[in-house]
Amino acid sequence: MNLLKSYLLPRIAQWVITVFIGITVTFIIPRLIPGDPVERTLSSLGSLQTLDPRAVESLKEALADLYGLDGTQFDQYINFWKRLFKGDLGPSLSAFPTPVIEIIAKGLPWTVGLLTTSTLISWSLGIALGTLAGYSPKRLWWQIVDKAFISIYPIPHYILALILVMVFSYYFPIFPLVGGASGKPTLSWTYISSIFEHSLLPATSLIVLSTAFRFIMAKALTTTVAGSDYVGYAETAGLSKWRIVLFYVIQNTMLPQVTDLGLSLGAVFSGALIIEIVFSYPGIGYSLYMGVFQADFNLILGITIFSIVGIATAALIVDLSYPLLDPRVRYK
Amino acid sequence: MKILKDLFKHHLAFRAGAVIVLLVFLLVSLSFFSPYEATERRVVPKNQAPSLNHILGTTALGQDVFWLLTFAIRNSLMVAGLAVLIGRSIAVLLGSFSGYMGGGVDKVLQSIVDSFIVIPRLPLLILISVIVKGGLNLWGLALLLGFLDIFWPSKRYRSQILSLREREFTYTAVFSGMNTFNIILKEHFPFFIPYLLADAVSGFLWAIGMEITLAILGLCDLTRPTIGTMIYWGNYYQALLSQRLWVLAAPVIGSIFIVVAFYLISTSLSEYLDPRTRLKRLGASQ
Amino acid sequence: MSFLAEAKDLRAYYITRSYGVERTVKAIDDISIQIKEGEILSIAGESGCGKSTLLKVLLGAIDPPLRIVGGTMQYRFGEDYYDVLSMSVDDLKKKRWSQISYIPQGSMHVLNPVRKIGNTFHDFIVTHRDLDKQETGKMARNYLGRLGLSAEVMNVYPHQLSGGMRQRVTIALATVLSPKLVLADEPTTALDVLVQRGVVQLLKEVQQREGSTLVLVSHDMGVHANLADRIAILYAGKLVEIAKTERIFNSPTHPYTQYLIESLPRLDDKSDRTSIPGRPPTLENPPKGCRFHPRCPHALEVCGQKVPPLTDLGNGHQTACFLVSEVDNSEPG
Numbered sequence: 399m400n401l402l403k404s405y406l407l408p409r410i411a412q413w414v415i416t417v418f419i420g421i422t423v424t425f426i427i428p429r430l431i432p433g434d435p436v437e438r439t440l441s442s443l444g445s446l447q448t449l450d451p452r453a454v455e456s457l458k459e460a461l462a463d464l465y466g467l468d469g470t471q472f473d474q475y476i477n478f479w480k481r482l483f484k485g486d487l488g489p490s491l492s493a494f495p496t497p498v499i500e501i502i503a504k505g506l507p508w509t510v511g512l513l514t515t516s517t518l519i520s521w522s523l524g525i526a527l528g529t530l531a532g533y534s535p536k537r538l539w540w541q542i543v544d545k546a547f548i549s550i551y552p553i554p555h556y557i558l559a560l561i562l563v564m565v566f567s568y569y570f571p572i573f574p575l576v577g578g579a580s581g582k583p584t585l586s587w588t589y590i591s592s593i594f595e596h597s598l599l600p601a602t603s604l605i606v607l608s609t610a611f612r613f614i615m616a617k618a619l620t621t622t623v624a625g626s627d628y629v630g631y632a633e634t635a636g637l638s639k640w641r642i643v644l645f646y647v648i649q650n651t652m653l654p655q656v657t658d659l660g661l662s663l664g665a666v667f668s669g670a671l672i673i674e675i676v677f678s679y680p681g682i683g684y685s686l687y688m689g690v691f692q693a694d695f696n697l698i699l700g701i702t703i704f705s706i707v708g709i710a711t712a713a714l715i716v717d718l719s720y721p722l723l724d725p726r727v728r729y730k
Numbered sequence: 014m015k016i017l018k019d020l021f022k023h024h025l026a027f028r029a030g031a032v033i034v035l036l037v038f039l040l041v042s043l044s045f046f047s048p049y050e051a052t053e054r055r056v057v058p059k060n061q062a063p064s065l066n067h068i069l070g071t072t073a074l075g076q077d078v079f080w081l082l083t084f085a086i087r088n089s090l091m092v093a094g095l096a097v098l099i100g101r102s103i104a105v106l107l108g109s110f111s112g113y114m115g116g117g118v119d120k121v122l123q124s125i126v127d128s129f130i131v132i133p134r135l136p137l138l139i140l141i142s143v144i145v146k147g148g149l150n151l152w153g154l155a156l157l158l159g160f161l162d163i164f165w166p167s168k169r170y171r172s173q174i175l176s177l178r179e180r181e182f183t184y185t186a187v188f189s190g191m192n193t194f195n196i197i198l199k200e201h202f203p204f205f206i207p208y209l210l211a212d213a214v215s216g217f218l219w220a221i222g223m224e225i226t227l228a229i230l231g232l233c234d235l236t237r238p239t240i241g242t243m244i245y246w247g248n249y250y251q252a253l254l255s256q257r258l259w260v261l262a263a264p265v266i267g268s269i270f271i272v273v274a275f276y277l278i279s280t281s282l283s284e285y286l287d288p289r290t291r292l293k294r295l296g297a298s299q
Numbered sequence: 005m006s007f008l009a010e011a012k013d014l015r016a017y018y019i020t021r022s023y024g025v026e027r028t029v030k031a032i033d034d035i036s037i038q039i040k041e042g043e044i045l046s047i048a049g050e051s052g053c054g055k056s057t058l059l060k061v062l063l064g065a066i067d068p069p070l071r072i073v074g075g076t077m078q079y080r081f082g083e084d085y086y087d088v089l090s091m092s093v094d095d096l097k098k099k100r101w102s103q104i105s106y107i108p109q110g111s112m113h114v115l116n117p118v119r120k121i122g123n124t125f126h127d128f129i130v131t132h133r134d135l136d137k138q139e140t141g142k143m144a145r146n147y148l149g150r151l152g153l154s155a156e157v158m159n160v161y162p163h164q165l166s167g168g169m170r171q172r173v174t175i176a177l178a179t180v181l182s183p184k185l186v187l188a189d190e191p192t193t194a195l196d197v198l199v200q201r202g203v204v205q206l207l208k209e210v211q212q213r214e215g216s217t218l219v220l221v222s223h224d225m226g227v228h229a230n231l232a233d234r235i236a237i238l239y240a241g242k243l244v245e246i247a248k249t250e251r252i253f254n255s256p257t258h259p260y261t262q263y264l265i266e267s268l269p270r271l272d273d274k275s276d277r278t279s280i281p282g283r284p285p286t287l288e289n290p291p292k293g294c295r296f297h298p299r300c301p302h303a304l305e306v307c308g309q310k311v312p313p314l315t316d317l318g319n320g321h322q323t324a325c326f327l328v329s330e331v332d333n334s335e336p337g
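Residue numbers (our numbering), protein chains in the order written: chain D, 399 to 730; chain X, 14 to 299; chain Z, 5 to 337.
Hints in this document: simulated from the structure, not taken from any laboratory.
Just so we're clear, the structure is a prediction, and the values are computed from it rather than from any experiment.
Possibly wrong hints are sitting among the right ones.
[As the list claims (entries may be wrong)] The following residues of chain D were derived to be distant from chain X, with all beta-carbon distances above 10 Å:
hint, residue
1, N400
2, P451
3, F645
4, V656
[Unchecked claim] Listed below are the simulated SDA-like cross-link pairs for lysine to any residue, each with C-alpha atoms no more than 25 Å apart in a straight line:
hint, chain 1, residue 1, chain 2, residue 2
5, D, K730, Z, Y161
6, Z, K142, Z, P117
7, D, K536, Z, E26
8, X, K22, Z, P69
9, Z, K137, D, Q649
10, D, K639, Z, P117
11, D, K403, X, V118
12, D, K730, X, G116
13, D, K639, Z, L70
14, Z, K120, D, S719
15, X, K59, D, Y569
16, Z, K142, Z, R213
17, D, K480, X, I125
18, D, K536, Z, R27
19, Z, K97, D, F645
20, Z, K137, D, W640
21, D, K545, X, D19
22, X, K199, X, Q173
23, Z, K120, D, V656
24, Z, K120, D, R641
25, D, K403, X, V121
26, D, K536, Z, P68
Ideal Cβ placement from N, Cα and C applies to all residues, glycine included.
Okay, chain D solo, but in the shape it has when bound (with noise of 0.2 Å):
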């Protein structure tokens, strides 16, 4: 009972704050520019000219509808969240009459299963390889370990993809450059290897960088936990090494770790789509780009609504799942 009032329901609130402001800012933004959002729009819209006029027709009423002018800004506002409740993103401008919704849950799987197959890879790597390094920092080995990490930390997501890209796929052929998989979806072993082929580079990019972030974090808090009195009074009782990291360090970095976690799942997340642009990954970064190219201002504007929601929502379950590893928490 004290742990769902004093934990659990600040995080809900906290939640329900988030996707208020996060809804409200993509509603305004729009808004702060001058002139009929419908004309701008569609004058941007490339593919207008080989629409015929009735679909350009349908396109205007559905921008008109979705941009919901009608009444007063508060008015459009209500309007706004209504047709969020019922999972109504619109259609897409350039794949009409798609909902984008349809464009975003054909992307999702990919996105999802780069990001956590890349974040659980290198939490663990970073995690383990820093808690070493900060645990014995004068080893060579670790020192170098540590230097490479924070070369590669600073290097954005772009700059590292296209170096991958460019010795992988130009001067070393060895993966293919673009796309998700080849041939038709079906549960056999060419299709499987396919996409863990196709997902080989831009995992690893994603898995490299945010391995060094994890790296340096976790080494960071390992210096301190390891000098707390409970680390030295373990030493100074004999107890093997392994024990010691395992249960007396790992067991309490994990704490700020998962906080971090649930903190920068944004920053994450923006990484994955930068990956997916580079390697044109068929998830949602790359629907994104899509929309960029092709003036799809509403799968964008989805595009930005669904992300602000779907990662509050992870960043939620992070933060509802951290008293089971504290029990200060659990156990007030």
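Use these hints to put chains X and Z onto chain D, whose structure you have.
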């Protein structure tokens, strides 16, 4: 000043970072002596490999890569620097206001800040750039990046302020009747500023990365040379497929040197400022 | 004489080097001390006099920046002698808990906050005994029971216990394997007075039942009076006086010891307590000669020039003061 001298003398990473940063600034200042205008095209033969005449080669648009790079780095640094200046100024105000006020104000501000931290910035950034489409010149870009990089730093500054408020010298100052403003200015800022400097670098790195990303998407002023637009035009004219590596190599390698150098400086600075190393320096181990 | 641990002419310095600044803190400067089997020896002195460092060296926990610069240090277990300074870290760690144990300062943070007490007991026992989880659990529960602690604590996390309870659990954790030598660093600091008494009682009980030897560091003379057989007084990294507890309290010879005793409140005396004038010197640059001479009301000329040797006054009473060694012993006390 003493900090910098100490670091330069005894910290290898800092020395490496400082030397590269100096070189970068040298490169930037060279841009003022460039024989070509920044936005001029078709002034040299197209698609030349690096040679004595054009040490880094030329682009498909007939620009000299070396001189273009000096402009690009200058513009990118300027955008990132300005973004950091804008974002961090607001972040400092927000963070210290929240931290010093405490209570309900702090609570409300923090839950807003936490919300913005969770919201993924890239889609938002793209959304805004698409709306102002083309209208995003370098200044606008810096402003936008600055505004989007307020919240994480302000949270960190707030916790710094909170810990400063708990320190002994704050109490001493309060009891000796110093007014709040003086305490902040004289007692807290000397501790806060070095932290701010080390922290600002992270914003700088983010801004450089985002500038590149937006340029790749063609969402900022593509006529101005920046690291991002150099890569954009390189891709546009198929530099990779046609084996003209030099066009991409210059901005890619340049950007890596810049970010790594700045990051090295920032980590060595924060290591120097870490209370544990500080303690070691003072020899107060008992 | 049967000793359990002995330090001779020991010098232990903290040497740090950072950003071109080298510092040497002479925490222990030429100390010789013997710990006898079965006794309770107390080490007293102001904070920063080297008490905790001495305990660390006795424990054989010599990690940088702490370095042994000179002297010897020996353990004797049964008929075997061990040279602590030449033993490997692994060998030293094997001796811990089964032979030598340690109760640290500030028990608030010595227990892993995210591990149940029972698991911590398991970790510590299994390191030195070849037992499975059930056996270590049984062993810990039995021991806790003997000390009058509820076995319930095995299933809780440290933050669920009170400060006093945590310190008791720590004492149990340190002594569960019946070590011969128990070193306790300020075991009662940060506890409230009533709880302190209980903890002191527990320490005494453990020592008596297990027949172990207890070395105790504290700045609280009250704890020494209640617990100790012998008291060693440290000042600025040097041993200035050592004697049986009654002698230290009834006839202290070193002016510093006299100050320490005089600063204690007494039931029959309502006059103001004198505190020692001045502050202890920094161990980085201690004064020449006797380190106490700048604060000593009886300082002679020689005190500022030569280091007074430790002089035997009989009955195991030793003092390092020229007032005792140079001027004759006509005025004891």
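Ascending list of hint numbers which this structure does not respect: Violated hints: none; all satisfied.
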